[in-house]
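Enquirer: Here is what each chain is made of, one letter per residue.
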Amino acid sequence: MLGVPASMNVIDIEALSLTFETGDGPVQALSNIDLTIAKGDFVSFIGPSGCGKTTLLRVIADLERPTGGAISVNGTTPELARLDRAYGYVFQAPALYPWRTIARNVALPLEIMGLTRAQQQERIERNLALVNLTGFEKKYPWQLSGGMQQRASIARALAVEPDLLLMDEPFGALDEIVRDHLNEQLLQLWAKTRKTVVFVTHSIPEAVYLSTRIVVMSPRPGRIHDIVESDLPRGPRPLDIRETPEFLKLAQRVRDGLRAGHSYDD
Amino acid sequence: MIKPSFFRHSVVPVLTVIAVIIALWYVAALFMNHSMVVAEAQLKGLAFTPSATWYRSWALDKPLLPAPHQVIAELWKSTAGLSIASKRSLVYHGWVTLSATLLGFLLGTLLGILLAIGIVHQKVMDKSLMPWIIASQTVPILAVAPMLIVVLNAVGISGLLPKALISTYLSFFPVVVGMVKGLRSPEAIHLDLMRTYNADELQVFTKLRWPASVPFLFASLKVGIAISLIGAIVGELPTGAVAGLGARLLSGSYYGQTIQIWAALFAAAFLAGMLVLVVGWSERLVMRLMGARPERRAA
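Going down the list, the sequences are from chains A and B.
Throughout the first sequence, residue numbering follows our numbering, covering 1 to 266 in sequence.
Throughout the second sequence, residue numbering follows our numbering, covering 1 to 299 in sequence.
All the given hints hold, so there is nothing to weed out.
Selected chain A positions facing chain B (Cβ under 10 Å, derived; list incomplete):
1. Ala61
2. Arg82
3. Leu83
4. Thr101
Distance windows between CB atoms, simulated:
5. Glu125/A / Phe266/B: 56 to 64 Å
6. Leu289/B / Asp34/A: 49 to 57 Å
7. Ala269/B / Arg65/A: 51 to 59 Å
8. Ala85/B / Gly114/A: 56 to 64 Å
9. Ser128/B / Gly68/A: 31 to 39 Å
Chain A is nowhere near these chain B residues, computed Cβ spacing over 12 Å in every case:
10. Leu46
11. Trp76
12. Lys77
13. Leu107
14. Leu111
15. Leu114
16. Val124
17. Met147
18. Val155
19. Val276
20. Ser282
Since the hints were derived computationally from the structure, they do not count as laboratory data.
We put the beta carbon where it would ideally sit given N, CA and C, even for glycine.
Using the sequences and the accompanying hints, generate a full structural model.
Expert: As structure tokens, then:
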């Protein structure tokens with residue numbers, strides 16, 4: 001049984017490690033991770049592929065089990081937090097069920113939670129409105145663009161009404177124009193709902209634009225190289241902020257961190 | 001609305017192929033029945049002109065290979081030309097076979113789905129049952145069928161059920177194989193999603209695995225319904241040729257009634273085609289109700 005550090009943070013990670021047993025021997029995916037995430041933070045994990053950023057998010061979500069160290073989510077184990085439906089998870093792909101309409105997709109977790117039809121209807125309407133998808137309730141996923149599908153999947157995660165939102169490269173597959181737009185909307189949503197967000201990305205501008213803190217990770221073994229505190233204003237930020245010297249300075253520091261942590265011998 | 005392209009791309013090629021087959025068939029009938037016509041002429045002491053020989057080889061009572069028009073005439077006579085209650089009506093025999101087919105298909109589908117559910121959810125069942133299920137299909141059905149009929153008869157089960165069980169024996173297999181694949185078809189990300197919702201096994205099944213397996217189910221059903229019919233016909237062979245299309249085939253071969261055999265064959269093929277068509281229609285209906293993207297047909 002792994003320990004649970006006592007703290008008021010939403011997420012508390014101490015000396016966490018995870019080793020996968022593979023056919024080619026053990027692979028250390030995460031090594032000696034120390035990280036705390038406070039309530040209301042927007043934290044991004046950034047790093048090259050293989051740095052363990054997605055794995056770390058999956059550990060928080062109890063989709064992977066760590067092999068060492070301690071982690072608490074909402075003051076309890078990740079498993080209990082998951083059983084308590086303490087977080088909403090947004091995957092790299094929208095992962096909508098093709099045989100359900102958009103409204104029924106948002107209803108999926110609500111059905112599982114055993115909400116009444118009326119409660120479901122209320123949450124569907126409210127959360128689809130939050131992601132600007134009102135009027136698309138009866139459409140099937142294939143009738144929506146990729147960006148709209150991902151927004152629907154965000155509405156589905158929000159419908160659970162968690163205080164914690166875990167997002168694994170949610171806009172990675174979208175083109176830059178759509179991505180900019182969704183980044184802006186996501187910040188507005190975060191400011192409105194005061195949720196804690198953990199966001200995985202491999203885009204420096206995306207990480208700097210969205211986050212209050214940026215966790216720079218490096219591979220082999222996956223570890224935290226640097227944690228950059230953002231001095232950009234909290235809350236909704238205009239997209240133009242990306243042209244300001246403060247933004248560029250932060251981006252430079254993240255880029256330097258990625259360079260230093262990444263060995264280029266492969 | 002029927003588009004002109006439908007005519008050009010579907011009707012014309014199909015009709016052309018049918019015309020070629022019929023032409024080849026007449027030629028084949030000519031050659032295969034020629035010796036019989038010559039023998040007949042010698043027996044009766046007649047001298048046929050070449051054209052009379054031709055004509056005669058397409059009009060024999062018990063030809064080696066009946067000509068198409070003979071088969072069609074027999075089909076017409078034994079369907080439209082007879083009361084449905086008649087023992088010589090193909091409609092009557094077709095119905096006997098069809099009822100065994102449908103019962104066997106239904107049982108086979110249910111059995112296949114239940115086995116697949118067990119195999120997907122229980123590792124023990126996967127390891128222990130799958131080899132037997134595959135082995136069951138390597139046994140020649142022609143060898144199993146008579147034994148099954150005899151054994152069931154000995155314990156007092158006769159009539160429709162034994163034949164249906166042979167259909168079941170054949171049709172459960174594609175359903176098991178297809179449904180095991182179908183129930184395992186959800187992507188990891190869809191299963192992870194269910195895990196983040198703390199969904200139980202039953203919810204994962206009803207809300208994810210089952211709907212995801214529907215296209216696989218229909219692919220299996222199309223195979224299953226066709227071999228159910230074969231199972232029912234094979235099941236009719238050892239029952240002493242009482243009723244059914246299989247019985248017509250058997251009695252036809254007892255008495256050298258080749259035209260009757262071919263008519264029964266065509267009736268069976270027609271029945272199989274209709275059954276597969278009905279499964280195909282229900283598939284399209286169900287997929288539409290499940291919001292599937294309409295298929296775009298290649299022009």
